[in-house]
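Q: If you read the sequences in order, they're chains A and B.
Residue -17 is where the first sequence starts when you use our numbering, and the numbers rise one by one after that.
Residue 820 is where the second sequence starts when you use our numbering, and the numbers rise one by one after that.
It should be emphasised that the hints constitute simulated quantities derived from the structure, not laboratory data.
Careful: at least some of the hints might be erroneous.
[Stated by the list, open to error] Heads up, simulated SDA-like pairs for lysine to any residue below, C-alpha to C-alpha not over 25 Å straight-line:
no., chain 1, residue 1, chain 2, residue 2
1, B, LYS840, A, ASP27
2, A, LYS(-10), B, ASP827
3, A, LYS107, A, GLU34
[Said to hold, decoys possible] Residues of chain A clear of chain B, computed beta-carbon distances all greater than 12 Å:
no., residue
4, TRP47
5, LYS60
6, VAL76
7, VAL87
8, GLU90
9, GLU97
10, PRO100
11, ASP101
12, ALA105
Just so it is clear, CB atoms sit at the ideal spot from N, CA and C, and this is done for glycine as well.
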Amino acid sequence: MPLAAHIKEHPVYFHRFDAVWTPTVLILDPEGVERFRIEGYLPRDEFRAQLELGLARVAFMGKRWDEAERRYAEVLEKYPDSKSAPEALYWKGVSRYKITNDHNVLGELPGQFQEKYPDSIGALKTIAWQH
Amino acid sequence: MKVQWRKDADAALAEAKSSKKPVLVDFSAAPA
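Please model the entire structure based on the sequences and the hints provided.
A: Okay, here's the thing in C-alpha cells:
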C-alpha cells in the first residue's frame, strides 16, 4: 500500500510518523505499526534490498517465520554483495532457528559470517554462538 | 507498472488493515 507524503502537501504526516529528514521511507505492518525505516538516499539496488529487508521484517514481527526466512533468503540471493546482505544473513538464520528451535542453526552462523561478511556487525553479533 | 500512490494516510491505513497488506510511506521534499 504506497502512501506519498510530501512536505508541502502533508506536513502533518511528518510529525505523525516522526519523519525528520527526507527522503524517509517507512514500512508499516498492516496494523500501521512501523517495522522498518530508511533515511537518506541509497543507490537503486541497495534501496531495493532495504525495501525487501523491510518486508521481511514485517513478516518476522508477525511471527510468520517461513515467509521471513524466504524473504531474507531472497535478499541474499538477489543482492549478495550489498550492504544489506549481512543483515539478511543474520535474520535468515534467526528465522530458521524460530522455525526449528535448533541451536545448531545459530552455531553455523559465525562461520558463514567469517566466510562472507567478516567485517559486518553481524559477524560480531554471532561470535557468541560460536562452538 | 504505475504505482497508485495514496495521499490520505487514514484511508491508506484502513485499506492496509482490511487487505492485510503492509504500507510503504514515502516522505519527500522533492519538487513535483
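Q: Evaluate each hint against the coordinates.
A: How the hints compare with the structure:
1. B:LYS840 <-> A:ASP27: 23 Å, holds
2. A:LYS(-10) <-> B:ASP827: 14 Å, holds
3. A:LYS107 <-> A:GLU34: 22 Å, holds
4. TRP47: 17 Å, holds
5. LYS60: The claim holds: LYS60 of chain A sits with its nearest Cβ about 18 Å from chain B, beyond 12 Å.
6. VAL76: 20 Å, holds
7. VAL87: 27 Å, holds
8. GLU90: 30 Å, holds
9. GLU97: Given a closest Cβ separation of 32 Å, the condition holds.
10. PRO100: 33 Å, holds
11. ASP101: 30 Å, holds
12. ALA105: Given a closest Cβ separation of 29 Å, the condition holds.
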